[in-house]
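*Asks:* Given next are the chains, with one letter for each unit.
Protein chains: 2
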Amino acid sequence: MNTILAKDHFMQTYVSVDCVVFGFDNTQLNVLLVERNTQLPRLRDLKLPGSLIYQHENADEAAHRVLNELTGIKKITLKQFKSFTSPERTRNPDDIGWLEFAYSNRIDRLITISYLSLCKINRRLNNVSKYQSVEWCPVNELPTMPFDHNQIVEESLEEIRRWVEFDPAIVFELLPSKFTESELRKLYEAIYRKELDVRNFHKRISGIKYIVPLEERQTKVAHRAARLFKFDKILYNKRMTTIE
Amino acid sequence: MNTILAKDHFMQTYVSVDCVVFGFDNTQLNVLLVERNTQLPRLRDLKLPGSLIYQHENADEAAHRVLNELTGIKKITLKQFKSFTSPERTRNPDDIGWLEFAYSNRIDRLITISYLSLCKINRRLNNVSKYQSVEWCPVNELPTMPFDHNQIVEESLEEIRRWVEFDPAIVFELLPSKFTESELRKLYEAIYRKELDVRNFHKRISGIKYIVPLEERQTKVAHRAARLFKFDKILYNKRMTTIE
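The listed protein sequences correspond, in order, to chains C and H. Every letter in the first sequence is one number past the one before it in the numbering used here, and letter 90, counting from 1, is 90. Offset between the second sequence (1-based) and the numbering used here: plus 1000.
I should point out that these hints are in silico values taken from the structure, not numbers from a laboratory. Hints are not guaranteed to be accurate.
Here are a few chain H residues that face chain C, going by a calculated C-beta distance under 7 Å [what the hints assert, rightly or not]: (1) 1013; (2) 1015; (3) 1087; (4) 1090; (5) 1111; (6) 1165.
Below, computed lysine-lysine pairings styled on DSS-like, alpha-carbon distance capped at 27 Å [claimed, not checked]: (7) 1130/H <-> 1186/H; (8) 238/C <-> 178/C; (9) 1203/H <-> 238/C; (10) 1120/H <-> 1079/H; (11) 194/C <-> 1238/H; (12) 75/C <-> 120/C; (13) 186/C <-> 220/C; (14) 230/C <-> 186/C; (15) 1178/H <-> 1194/H; (16) 1238/H <-> 203/C; (17) 1130/H <-> 1079/H; (18) 1203/H <-> 209/C; (19) 203/C <-> 1209/H; (20) 1238/H <-> 1178/H; (21) 79/C <-> 233/C; (22) 220/C <-> 178/C; (23) 1074/H <-> 1047/H; (24) 1186/H <-> 238/C; (25) 75/C <-> 230/C; (26) 79/C <-> 230/C; (27) 1194/H <-> 1120/H; (28) 1238/H <-> 186/C; (29) 1209/H <-> 1233/H; (30) 186/C <-> 130/C; (31) 1230/H <-> 1209/H; (32) 194/C <-> 1075/H; (33) 220/C <-> 238/C; (34) 130/C <-> 75/C; (35) 1194/H <-> 233/C; (36) 1230/H <-> 79/C; (37) 1230/H <-> 1075/H; (38) 238/C <-> 1194/H; (39) 1130/H <-> 1209/H.
Backbone N, C-alpha and C fix where the C-beta goes; we use that ideal spot for every residue, glycine too.
Work out the full structure: start from the sequences and follow the hints.
*Replies:* Here it is as structure tokens:
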């Protein structure tokens, strides 16, 4: 067994962070992607924003740095959700070529720690990163991305579902501060990837105290203006939890 | 910024797995610890079982290997829960000394991916690992462990609480297949680290369909034999989830 622990077997392992930032545009979920900055023309494709972890920082700090450089947002809620460690994730020579171009190092193996974030999509993005462009891409129309980035997005969607079950408040980070019932339903439909019955959904929502109907209605809409709601964090924190 | 990406800054980063295995002894939660195998007498102390990730395996495979060598159990439910990445975690020269002794490599930085597992404590442990001994230690009486292993156990307890909220069935992995209401309550008390009111707990449990009272009672007890219960997985899977 000890033979596979020989000196050079662990030498070129690097650790990165990758960030999956979700935004909701009232119809579907979008993911924030960046364009790789390279002189290799074949590799001008889209990927998740990320970086190797620098010497003096931990993974949380690296992820915050990446998103701060990309969006200008200082305080963004980031949740570490999974490490992707397959030796196969650097199987594509193009990906390794790009890595070695970007970091001027020989890299055999790259383990990445992925982070999840939810963001209001109308937020202005102030990109000062190494990436030449940043854009929102609908999760249902993602291109084929390098490494295992498609798989990371897929698993992060499952993670959001778990997160919502545990802490239903997080969906409101994806909505404007005042929203309609229809917007909330479409967000749930996007997260769970299934259509929800309008009347059943209305019944459920009406029973939830922390989703508060306002006296206001939508403005500037062609159809009949719908009632607006807000999320009440104080009422939310007062609700019963499972066992305590 | 690019100066800190110079060649030698990422060179000695290694990635390991560490496993937090919980067992419940009818009174308190215990964690499976191993004794470090070293010729350095000062370092004969206890730690979480772990290993560097080998070249051809991913982190899940490494964690299964560690626990298989330690317990002989082939199928054990393991949940990856967090990467610990602080540059400070290898600050203690003793820890680095042990690592370099164990792996015959120069190691500057060690990132670890932690795993969580729940185990029936009366299971026989069949240790064929590099560790010379393995033992259960009550979570409230843990020694000071190397690296950030105390912190890892602390955070894994928080993770169990989130896990129970999301999937209440997991507590039954810590109990014998037939258990009393008092054993279940003591397990919840150990997980939540607080006393629960006996009558309120009884009321809650009575309302949960998948906790099924049996006709059987305890045997070989000094006090009045209590009724036994079992967990019904089929009824559990039929219960409603939050939104679907």
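*Asks:* Report the numbers of all earlier hints that the structure fails to satisfy, in ascending order.
*Replies:* Failing hints, ascending: 4, 7, 30, 32, 33, 36 and 39.
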